Amino acid sequence: MVCAGTGCVACGSLQLRERLAAELEKRGLCDEVQLVITGCNGFCAEGPIVVVYPEGIFYKKLTPEDVPFLVEEHFLKGRPVEKFLYTVPSAKEKVPLMKDIPFFQHQVLRALRNRGLIDAENINEYIARDGYSALHKVLSSMKPEEVIEEVKLSGLRGRGGAGFPTGKKWEEGRRYTSFPKYVICNGDEGDPGAFMDRSVLEADPHAVLEGMAICGYATDSHQGYVYVRAEYPLAIQRLNIAIEQAKSYGLLGKDIFGSGFDFEIGIYPGAGAFVCGESTALMYSLEGKRGMPRIKPPRSTEAGLWGQPTVLNNVETFANVPSILLNGSSWFASMGTSGSKGTKVFALTGAVQNVGLIEVPMGTTLRKIVFDIGGGISDKREYKAVQIGGPSGACLPAFLLDTEVDFDSLDDAGAMMGSGGLVVMNDLTCMVDTARFFTDFSVDESCGKCVPCRIGMKVMLNILHRIIRGEGTIEDIDHLKQLGKHIKESSHCGLGKSAPNPVLSTIRYFREEYEAHIIDKRCPSLVCVDLIKFQVVPEKCKMCGLCKKACPSEAIAWEKKTTAVIDLEKCIRCRSCIQACKFWAIE
Amino acid sequence: MTKLTIEDLKRIKEEVRSSTLLREGGFRAKITIHMGTCGIAAGARKLMSAVLKEIEERKTQDVMVTTSGCAGLCSREPMATVEIQGKPPVKYCDLNEEKIKEIFLHHAIQGEIVEAYALARGSETTY
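Residue numbers (this note's numbering), protein chains in the order written: chain A, 1 to 587; chain B, 1001 to 1127.
The hints are simulated quantities; they were obtained by calculation from the structure and are not laboratory data.
As the structure is a prediction and not an experimental result, all values here were calculated from the model.
Treat the hints with care, since some could be wrong.
Claimed, not checked - Derived, one-sided and incomplete: chain A residues facing chain B with beta-carbon distance under 7 Å: (1) M98; (2) L109; (3) D119; (4) A120; (5) E125; (6) E149; (7) Y249.
For glycine and all other residues, C-beta sits at the position ideal for the given N, C-alpha and C.
Based on the sequences and whatever the hints tell you, model everything.
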């Protein structure tokens, strides 16, 4: 129905009708769609008006130019065209539903089920979301063995990175009968770009406390500690408040729910050494000693904190526990892959549109995470790699984007799940430099106890520096691979065993970039400044002047319709021009 | 305080449900400011002060203000959620003091969603 009241006719509704008739004819839709001219619709302000029945869809302010698109979308494909729709000024139709926004649509919230919904500093709001009812269920109706069995059946694996089956760890913890025993929550999150634990502790601290109390009951322990980085003041503050509130309600302390079970939780702020995220180093640090890993066995479940049996799990692992006990193991195991059940929280950062904290079912592909949830690469750049697993992890190239995130398939790709840092990198990222960055990190954070990690990583770093300066030789690549292999095999702890991964994975997937640095003395991504000439390529320069605007040291001469020229005397090699240039015209 | 029993848990749950779900709490609207580290770094505390100041100046009685953790989309912080009794909550992103005042006036007081700043309505699915 095309309105042909005076108002709409004055706005061009007759031309609109003609165009509609022609378009419907062209598409062969004349028999299905009847075109009717109506009298004044009454809403002249928004004319020309077209109403489509039977749905009664109301289009406003249409022009003849809009017609081809409208006909194709609405009449051919059956999709009402949002942008022409009329909406009441205060109506909500224009604001999409959460479930229709890709960022939220593909997420499944379990560990983060209370995010954004409750006040973390008010225990009542946690209780209103079924908080502490799992603890009550466990204490009033389940034996410790049944709790362990339930966790085992759920298939929950440690979310700190290594993926050790949680139920099995608890079973071990229960088996040893030297008292006292301890429960530790590992919140020493140190991977660059990772902030999962912090967000969970800030948003929902009681979920972690409840998970720890359940673990205490299952493993016959009465004392828990949360080891959390001192750099997370808000998390510590909210944990403190949460513990106080839980105590005042008798949900921590003596005789919880009148069941006779006692459980206390203390907080220990860690000083921020990366190695203290390793379980044995963490326990030494908690004892007040220097944080250095020791050789296992004995495992911590046999001799951990102060030599006593200790069960240590990650923040996210504990946050998953209450809902497993409340909803049952089969509920938990209904999601995920055969070897990895449930969901995983990731801190999605780097060169994506939507930076944030996400939780997805195990088995979600990297492509879905980067392009659907992350919204793709920002600044119209190209995807190059995704770094998963932090300094222990790997950089995965485009052809591995369909890898499913679970513990086993990431292992197969030479990466690891890690605690959940996901850094997306674009085409302005040099993979040799990235390997250098993570190796530098590992060298800084190595505790120095064992030779392969302390010396080996330093040697790797020196070689990488040489390659980046353009002084590498082709033998260096094999040397790096060999060194990496030995360091992996002979280091004491998990950190050393995985520290060469960033180098090994970039050689495996981006060998050509190493070769470009070594053979052509060229950095393809224009990152390594020693290999950049800082010259404008006249053929590529579009004379737009963006480089001049970006230059902080006035080293670029440019005027309208002239090619830019860089004065190397003034150039401070900061790469601002390279980042500003959209045409790769600076070499 | 005395030890809680399961009955107490249920009672608290009901009490909080009714007050936060705005049915019987005497509130018509609820504003949640997302105050994780990311939100605070982006300026969530200023939003909080701005809202509290508006409430004080207007002597508003029926709008509840509360805080919560990170809403997940850290790059669009500061964020806030406004919920009017009986309607799905609406999330706003990339806020500042001016915007939150506008939202307070139009959405919390007058009930009209400020489309320009709104990200989404409804809740996330939890399992």
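Hints, one by one, checked against the model:
no.: 1; hint: M98; verdict: 4 Å, holds
no.: 2; hint: L109; verdict: 4 Å, holds
no.: 3; hint: D119; verdict: 5 Å, holds
no.: 4; hint: A120; verdict: 5 Å, holds
no.: 5; hint: E125; verdict: 6 Å, holds
no.: 6; hint: E149; verdict: 22 Å, violated
no.: 7; hint: Y249; verdict: 5 Å, holds
In summary, the one numbered hint that this structure violates is 6.
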